[in-house]
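The residues making up each chain are set out below.
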Amino acid sequence: MTRRRAGFLTVLWLNPAGRAGCVLVGLVVLGGLLAAVGATPYNAQLQNPLTTLKGPSPSHPFGTDQFGRDLLSLVLEGLWVSLKIAFLAVAIAGVVGTLAGVVAGYLGRWTSAIIMRVTDMLFAIPAILLALAIVTALGPGALDSALAIGVGYIPIFVRVVRGPVLSLRAAGYVQAGRVLGFSSTRLLFRHILPNVAGTVAVQASLALAWSVLAEASLSFLGLGPPPPTASLGEMVSQSSSLASQAWWTLAAPSVAIVVAVIGFNFLGDGLRDAFDPRSRTARAA
Amino acid sequence: MKMARTAALLTAVGLAPLAAMVTPLTARVEPAQAAPTMAASGATVVVADTSSVQKLDPDVVTNFLDFQALGLIYDQLVQYNSKLQLVPDLATSWSYSNGGKVLTFQLRRGVHFDDGSLFTSADVVASLQRAVNPKTGDASASFLANVKRIVTTGPYAVKFLLSRSDTSVLNGLTSVNLSIMPTKAIAAGTLAKQPDGTGPFEFVSWSPGNSFVIQANPHYWGGRVKIGEVKIETIPSEQSIASAVEAGTVQVGLLTQPQVADHLPRSVTVDKVLDLTYRALMLQDRKGPLANLDNRLAIACAVDRQQVLEDSVFGQGQVVGPVPLGPFASKPASAVCPTPNLTSAKNYLKQAGDPKGFSFTAMTSTALDPTSSAQATVVQANLAKVGIKMRIQNLAGDAYIQDWLKGKFQAAFAWNGADPNPYTMYGRYFGTGANLGVPAGYSSAKLEKLLVQGDTATSAAAQKAIWAQFSRELTSRAVWIWLFTAYDYAAVSPTVHGFSLQPTNSTSLYSLRTATVS
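Chain order of the listed sequences is B and X.
For the first sequence, the working numbering begins at 59 and goes up steadily by one.
For the second sequence, the working numbering begins at 143 and goes up steadily by one.
In isolation and in its complexed conformation, chain X is listed as follows:
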């Protein structure tokens, strides 16, 4: 690991021959071969979303569309398939040893980055070192919290030395935040302006707030990409996106509002998938009225989550707790008030010393989540019934993300990414050294302990019990108010074949790798 780092450093400062002398000691890099080139001709597919691509550096993105867009340029070591099973990506196989404390990956051979350089184990080491470097600000660095070191055991093999048995690290490695980038580009610091990956598409241009263009990667290891170019355009209204798909100017429209998706003409294919992602009212529990547990519990009891679901997405989804779906799904969704209970809410307010209620501000961003305005309207009316005054502050997408990352909010209607593994979902918010601890707004030793216990439990029964306790702890402390999970929709032009949404929103566009256009 150290030697590989030295090699990267030497290469970066222009001493490549010296680096070549160091590198063979740790990772035998094969001489770069000319990548096989396939014709990159094909039609353009225009994808429309209400949001816009905000950043180009995959390590720091937090916006769903950024994940979706950069996920077409970059590969990770492992990936989820449509059934949420882990499948090979740049790693062809993996195995645990030494009591689960060593995780060894065998890497794919003959893969090239967009800059032409050959993918090797040194790139894995450099990419993941960059991710865990606090200066990078990687949104998923916590996924690697239990990785002590990553060492190369050859040009196409890496070992993760873990501080404890950790199976969730594999789930974490599916994140675009942990994409594999070329060592040279990392050293040059060009990734924030020039994405450089091994994925099916390569970067062409980015017009902030407007469009993001990528073209087929002729060297893609996964075979010929049949779509020549993908242009991701920002259209602020879902109704306009639907009209554009209908008119044929957009081929794939990403939608969240069922009232729009359900009224598309029959000529447009509508794909929908119940998404793992979830909507929550995130609370900053460290100061102000929301620092008081009883005030938070009053909110939890006053909010009618079923009504929020009905009015914001017309019931197309389900009310969920902290773990939305899967074997560890939270049941009931809330430990204190599974259904609205205004009497309990008023009692909590009395206990808090605020019998007449209190005021706070919740931020939304209709650009990032078009349903957030309706969610806020319902919650505002729910809370008003017990005297809690919630002001709504709607922000532009980039302003919302900036404030969210800095924890500059009292409450935020958030649309958060999820994972089948609860540790992967919440380790970065509530785990030890959580890198999203600031927006999470809450921390406790008990949550940290439960996260570790859940992650290290070996039997399914023990895992289920621990994650149930974890859900209870989150909802009984009203850390946030979990609302619902909903369907994602895509309006697909009849000319596009083979496009389907994925259950993890951040991979919604993955099927463009294999889709075709007639």
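In isolation and in its complexed conformation, chain B is listed as follows:
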């Protein structure tokens, strides 16, 4: 029996977790993009004293908050802000962490020792605590939140990337490249880095889930982007005292956070399977 390899996207879609992740993340990204292009049902910041704390209805599917603002519009804006911060945070963590991991794994010796000890130091502090400390020092804001969250997740990328690079540098094709006189830069970026891309992508997807959660946590504590920037965590914080009389004010942002976090986690699981050659071969057979 001849085994052929299925396409990456096919494997991702055939995987239940991957499919669920694609759908949920697709919904979240679509919602965020609607807010980005100003296609929300209402101006999210428009306060209306006549519509305060109205329950879900055809005109306001998610209801309204204590200021009479449309919660669906606010949630979409909040999603867009969360996604921007999360993607920026993961970009910072991914780029810095991957480069540091590749360098540590490839060069080894004292370079690796220094990078890994710094990583250990960062690992010793819980990511959310580190983010809290950084954002307290920098002040609340979207960029500051992204930086604070991103720094906290750098060590994970370093660890995840360094391991595979350690084994890859001993691989035959890398040794052959070295014998042929390829520069370290060429070996790193043309031959080693593409082989850890899958690992990085899976990690990035999981980090996106954590980043959405971290951004919501910071906002919940009043350390996220200040109003009028919509923020899911801040909405949860504001509505916690209204839960018994206007449950929708708490439910709408909370469900949005849960959907985003579960979506990115499922997507990460799906990506892990899709990047796994054995899994792809098995599926095709």
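Note that these hints are calculated values from the structure, not bench results.
Each hint can be trusted.
With a Cα cut of at most 27 Å, we get these calculated DSSO-like pairs of lysine-lysine:
| no. | chain 1 | residue 1 | chain 2 | residue 2 |
| --- | --- | --- | --- | --- |
| 1 | X | Lys527 | B | Lys112 |
| 2 | X | Lys548 | X | Lys277 |
| 3 | X | Lys498 | X | Lys531 |
| 4 | X | Lys326 | X | Lys301 |
| 5 | B | Lys142 | X | Lys531 |
| 6 | X | Lys414 | X | Lys473 |
For this one, chain B is given, so just place chain X on it according to the hints.
For chain X alone, coordinates are given in the frame of chain B:
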């Protein structure tokens, strides 16, 4: 006075026998008697608030919870009752003489401080001298601005020699900032770490940001205190406070949000009182865009105070001007724009040369006032309609207080203490030598003059006219933007009896003196 000070100094440096020789010339101190001791057994009452006790020195506190907590340890000369009438505290009676320029107090006898020492007139002199000493930084020193000297006329009598007739000094003396402390502790400088008063409770422990514990004072002059211990705990969310009261782990929960108070189960008693305190957007008028009167007036006209009231406390209160309640209440609340007027706001911006608006930052602290975030959200949206961009900066409670005291803000959503007497309320912000002039952010000779006129006016009609003019001056210059006064709430466990809130927020916990626990 001078001799009493000398005695205090000598005692402080360890020359007590010499001090005893000096003291009788001014205040005959009776030999310290063993204080009558009453059993201090009783249940613990846990009180929860979103804020935490920030400081232990009563002279320097500005946080409501600090007033409430230290108010259970310290007594003042006079106090307000629940009807806001002045009643005796450590002073049993008082009288004016010499055309209102001499105020004589007769003091309570047989009162002991927590350290066992006997309360005398020397302690009054030492405490109030400490309060007016600029080095102390007393937040209410201005209440004594017209007191030239305080002299003892016996161990249980003191005379205040006033620079002019001043009735408001009595109102001022109700403040915890003017508590009576033992001379010995003042000299030793221990009050910032070890509170020592004559009140119904005595200090046990303080864990900053977490808890403050006091126990019944077995020597309390007011009779046996039936609650054995009061533990004031910090719980950052009012919803959590309500849940804790419901679960029975907290017996008294202090709340500001009606949406929380209104949804407590029937088993929990909810006490509420329309508070004299008021919410205002305080402006620093000395620099930046807010130094321009027209910009400030634009803010005053753009803000919808009724909407702020509705959205932040669900209408549970009333829109007020500088003098919130009582016979001198400001009517209308604002002289320039009693109701929002966006056209006027835009015209003021044009006159200011900022037709497209301007930007400024307003600080809030949801730890100190959980409703401040909602207030800021509404005001931000109101101002955006005329192009004014207000950035919101939410600070932790202690950071907010530090910045507020130093005037390190452009605008601040503040929850300020109030008093039935307008002079007592505003003398310390806008009076001559006002000790809170820095956070007030504004001063003018006209305001200073009106404050003196209001304080010295003898007829009710004249006082009313002057305080109305004072309110107009404050609002027509948009010195601050006064917003509303609201109800205070307490969720009280069914096991606590006799607890009721007081209309001056700083005395909210006073009824714990007489409350019981079943």
